[in-house]
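K.L.:
Following the hints, complete the assembly by docking chain B onto the known chain A.
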Amino acid sequence: VHNQPYVHLCAVLQVTSNFTSPELCLFIRDGLKKLESGPVGLYVPDVNFDAIEKHMGKSPVYAHLVTADASNGDDKSDQLSPTSVILKVLDLAAEDFSPEVPLTTYGLDSLSAARLSFQLRSLVQVTQMQLLAHMTLNDIMAKISVAVEEVAADQGETATAVAVQSSASTTKELMLTLADRYSGRFRRPETSGISSPSGKVVIVTGTTGAVGCGILVDLATDPSVSRVFALNRPSEHSPLLKRQMKALEQQDLSLTEQEWAKVILVESVVHHAKLGVSDDLYHEVCRLLRSRRLLY
Amino acid sequence: MSRSVTHIVHNGETLHPYFDDVTLTRLSAYPMNYNMDLAAFESTCAGVENLAMLAIESELSRPARFVFASSVSAVHSMCHLTQVAQSPLLTPIIDHSSSVPVLERPSEDPAIAISMGYGESKWVNETILLRAAQAVPELDISIVRIGQISGSRNGAWEVAQWAPSLMVSGPVLGCLPTMNGVRDLLCISLQKLTYRRLSRGFPCRTSHA
Chain A
1 VHNQPYVHLC AVLQVTSNFT SPELCLFIRD GLKKLESGPV GLYVPDVNFD AIEKHMGKSP
61 VYAHLVTADA SNGDDKSDQL SPTSVILKVL DLAAEDFSPE VPLTTYGLDS LSAARLSFQL
121 RSLVQVTQMQ LLAHMTLNDI MAKISVAVEE VAADQGETAT AVAVQSSAST TKELMLTLAD
181 RYSGRFRRPE TSGISSPSGK VVIVTGTTGA VGCGILVDLA TDPSVSRVFA LNRPSEHSPL
241 LKRQMKALEQ QDLSLTEQEW AKVILVESVV HHAKLGVSDD LYHEVCRLLR SRRLLY
Chain B
1 MSRSVTHIVH NGETLHPYFD DVTLTRLSAY PMNYNMDLAA FESTCAGVEN LAMLAIESEL
61 SRPARFVFAS SVSAVHSMCH LTQVAQSPLL TPIIDHSSSV PVLERPSEDP AIAISMGYGE
121 SKWVNETILL RAAQAVPELD ISIVRIGQIS GSRNGAWEVA QWAPSLMVSG PVLGCLPTMN
181 GVRDLLCISL QKLTYRRLSR GFPCRTSHA
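Line order of the protein sequences matches chains A and B.
For the record, in the first sequence the residue sitting at position 64 is 64 according to this note's numbering, with numbers rising by one throughout.
For the record, in the second sequence the residue sitting at position 174 is 174 according to this note's numbering, with numbers rising by one throughout.
No lab work stands behind these hints, which were simulated from the structure alone.
Among the hints, erroneous ones may be present.
[Unchecked claim] Here's a subset of chain B near chain A, in silico, CB distances under 10 Å, partners left out: (1) 121; (2) 131; (3) 177.
Heads up, the beta-carbon is just placed ideally off N, CA and C, and yes, glycines get one too.
For reference, chain A alone in the conformation it holds in the complex (with noise of 0.2 Å):
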């Protein structure tokens, strides 16, 4: 009987349906007992279109029920970062945010989503139905960052349908491609060179007295000695190699070149922190030390 009423009262809801599910019933009920006393030409719920406006963004269905200034003093908001907007929107605070969690854990509903998509909307172009769609913070700022590439690149909407193609692989896949992605590191430690020989590595001191000198020439001759650090106090008058050759032909010893190759002649105080020798060889016979090559 009353079928143009219940038209009008279903466009006018349709529009309203921003609102929470009582509200809602509330307005049935006021529509229904206006019904009582006669045909209803428009129901337009008794609410505060300025907010609806400042949240759901402008409206031509709306428009006329919004006051001039609430639609003005709007734009305030646009300065904000997608994190700030969304701790508004869903009532939160920043320590109990987490980014890589979906919004919807937060409870994030159709109505806030709505609200959020319009609030987001200076940032990036986000529907309400992605939003509810287990989308995170992370998920939002590279849409951002891809929507800003886009910009960059003038090029309409290919760089979003490439990431959302990316983005629906199966789980099964990207348990993989992780896997893959964080095992292509591993190889074996190669020991190779001057700085990790596979032999043993001892350190003598006083090789240019006569006991040190033969003890060195020993060493040295040694197959199975790939280093020897051979430590002997600073002089002023000459050359540390200079005295140790000379020393070596006062005991009338001498040594292949590649015996010599194995040999590496330091100036050294061993009373002297770190032993008087510089930083690099410190560290590096402490790292021979370290693992357990090094005879002493």
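P.N.:
Chain B alone, transformed into the frame defined by chain A:
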């Protein structure tokens, strides 16, 4: 865990010399969040890779041992898979709903973990470590799949865990859920002991605790 280590390693070769002679890495830190999806756990993979690299590049004559606290959720969907063969490696851990034993061995099929991001990421990290051990046979890894660890020395529970949350909800809802079977809870002291033994070189790569 993962972020700080990533940071240290990413800052080039500026690792503290302390890291050079690590002999045992026990990875227990992990984001306990069952709502995050797999992609959100990617930082943990980077963390596991970095820590495994530290173990491999140890200056000691052999790489550091590596113990990873995984989760039973890494094999969550095992009961849905039928190809579980009889093996001497069978463990006493039984899924009560289907009575399919879960094997103490690594799984190559990601399907076994598919359920929630948390368990999926544990599978990925297990796999990363297993690949590290394949590439570097000297690297001694142990994967411990932990279920629910209960209580503490003084009997107090972490209220955010599922069992206490369940109890707390009781007075509010006026009821408790009905569950089939028995939930096995491992008390923390026993778990610690088991874990420590595994860390000391129990000759097994994948264990359940």
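K.L.:
Of all the hints given earlier, name the ones this structure violates by number, lowest first.
P.N.:
As far as the earlier hints go, only 3 is violated by this structure.
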